[in-house]
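All chains should be modelled from the sequences, with the hints used to inform the complete structure.
Top line first, the protein sequences correspond to chains A and B. With the working numbering applied, the first sequence corresponds to residues 1 to 90, in that order. With the working numbering applied, the second sequence corresponds to residues 91 to 375, in that order.
Please keep in mind that the hints were generated in silico from the structure rather than gathered at the bench. Backbone N, C-alpha and C define an ideal beta-carbon position, used for all residues, glycine too. A portion of the hints provided could be inaccurate.
As the list claims (entries may be wrong) - Here are the computed distance ranges between Cβ atoms for each label pair:
1) B:370 to A:4: 49 to 55 Å
2) A:79 to B:156: 35 to 41 Å
3) A:4 to B:157: 35 to 41 Å
4) A:63 to B:259: 52 to 58 Å
What the hints assert, rightly or not - In silico EDC-like pairs for lysine to aspartate or glutamate, Cα to Cα no more than 20 Å straight-line:
5) B:313 to A:37
6) B:313 to A:57
7) B:313 to A:19
Here is how the chains run, residue by residue.
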Amino acid sequence: MDTTKTVILEPGYLLERIDNEITVYHPTLTTSLYLNETGALIWELCDGVRPISEVIDILIKLYPENQEQIADDVKALVTRLLERSIAVLN
Amino acid sequence: MESMSEYTVSFADAHVSIQYDTDELYHFLSLLFGDVCGVPGADTEIRLFIALDESTGEYTLNSTACAPFSGPLGVQFAAVLFDAVIFNLLNKNSHGIAFHAGAVAWQNKVILLPGQSGYGKSSLTTCLVTHGFSYLTDELCFMPVDENAPMLPFTRPLCIKPDTAAAVSQLISKRALSTAIVDQDGLVIPHRSLNPDFLHISAPPSLILLPRYLAGSTLKVDKISAAQVCTLLMTCDVNARNLADHGFQQVVQIARSTPAYQITYSSFQGINDALQDLFDVLHWE
Numbered sequence: 001m002d003t004t005k006t007v008i009l010e011p012g013y014l015l016e017r018i019d020n021e022i023t024v025y026h027p028t029l030t031t032s033l034y035l036n037e038t039g040a041l042i043w044e045l046c047d048g049v050r051p052i053s054e055v056i057d058i059l060i061k062l063y064p065e066n067q068e069q070i071a072d073d074v075k076a077l078v079t080r081l082l083e084r085s086i087a088v089l090n
Numbered sequence: 091m092e093s094m095s096e097y098t099v100s101f102a103d104a105h106v107s108i109q110y111d112t113d114e115l116y117h118f119l120s121l122l123f124g125d126v127c128g129v130p131g132a133d134t135e136i137r138l139f140i141a142l143d144e145s146t147g148e149y150t151l152n153s154t155a156c157a158p159f160s161g162p163l164g165v166q167f168a169a170v171l172f173d174a175v176i177f178n179l180l181n182k183n184s185h186g187i188a189f190h191a192g193a194v195a196w197q198n199k200v201i202l203l204p205g206q207s208g209y210g211k212s213s214l215t216t217c218l219v220t221h222g223f224s225y226l227t228d229e230l231c232f233m234p235v236d237e238n239a240p241m242l243p244f245t246r247p248l249c250i251k252p253d254t255a256a257a258v259s260q261l262i263s264k265r266a267l268s269t270a271i272v273d274q275d276g277l278v279i280p281h282r283s284l285n286p287d288f289l290h291i292s293a294p295p296s297l298i299l300l301p302r303y304l305a306g307s308t309l310k311v312d313k314i315s316a317a318q319v320c321t322l323l324m325t326c327d328v329n330a331r332n333l334a335d336h337g338f339q340q341v342v343q344i345a346r347s348t349p350a351y352q353i354t355y356s357s358f359q360g361i362n363d364a365l366q367d368l369f370d371v372l373h374w375e
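Now the structure itself:
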């Protein structure tokens with residue numbers, strides 16, 4: 001995955017934050033997605049401006065004890081978003 | 091050829107009329123739809139036609155919304171007819187969400203069992219019925235937007251696929267089985283045989299139990315979060331396209347207000363312990 005790219009979320013999705021987790025539904029794509037607390041944080045950092053590498057850096061500063069895992073988690077979530085057509089890379 | 095008669099199925103303010111031509115068909119339709127609760131006498135919009143082909147002895151289902159289907163009055167014919175009727179009942183419904191979900195009741199509390207086809211709704215529903223829960227449906231529950239309006243289970247027979255029919259036959263009473271349609275395509279057990287004292291329960295669900303069949307797994311029950319259950323419920327939303335937000339906000343409300351568990355299983359060995367935990371949850375709700 002090219003981490004210099006930004007994640008652009010497909011417009012029109014519906015989102016509800018419940019207890020630090022997120023449920024997302026896209027009516028046009030008729031796809032739904034659950035994000036746990038970590039996923040919800042990654043989702044919110046993927047604001048269409050920050051490159052993926054910056055999202056990873058921010059999370060490493062917040063959670064240095066999980067440094068090795070964070071890049072994999074971010075890439076895995078972005079891959080899920082791409083697979084479900086909820087996001088594209090720019 | 092006998093003259094055509096009409097059988098009306100009403101559910102969630104929609105109505106489907108089935109025109110039929112034999113006494114055998116009347117008994118078949120009564121077995122399938124005789125326990126579905128609806129408002130009689132309302133306007134009928136959709137018509138299905140079933141007629142006997144005397145040259146082959148088979149029946150043919152015709153409608154404007156699906157391809158014709160021909161066959162004997164067995165489990166497969168019942169499945170096709172259920173699909174056609176449910177499709178037409180919900181096709182334009184925009185005043186609530188219909189979930190692919192089983193439902194059972196216990197002491198006037200409803201347990202909703204949502205799941206897409208193949209997730210084990212009917213198997214888990216059967217298991218709960220054989221453990222003292224009252225059968226409501228194994229297929230569909232309608233939750234009106236108006237939260238004061240009652241939840242409506244589509245009170246059809248319990249429909250069991252052939253791969254689990256033998257196991258289910260061991261669990262169901264002989265009296266209920268004697269009223270069932272049984273053939274190589276599975277089992278259709280009339281609602282009234284499973285729940286002869288059926289009373290409509292208007293309470294919203296007290297518990298959501300999501301079945302998840304996983305080959306080789308041991309039975310376990312896990313609490314799941316409101317965000318998880320909301321996400322899973324949206325995959326079971328049958329008439330989403332009719333609703334402005336596909337019912338998302340209504341689903342969020344249901345998920346926020348109802349405790350939910352996922353039951354993973356390959357068999358129901360150990361179900362008694364799991365049920366005890368669920369009874370405890372229902373006591374507290």
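Kindly indicate which numbered hints from before are broken by the structure, ordering the numbers from low to high. 3, 6
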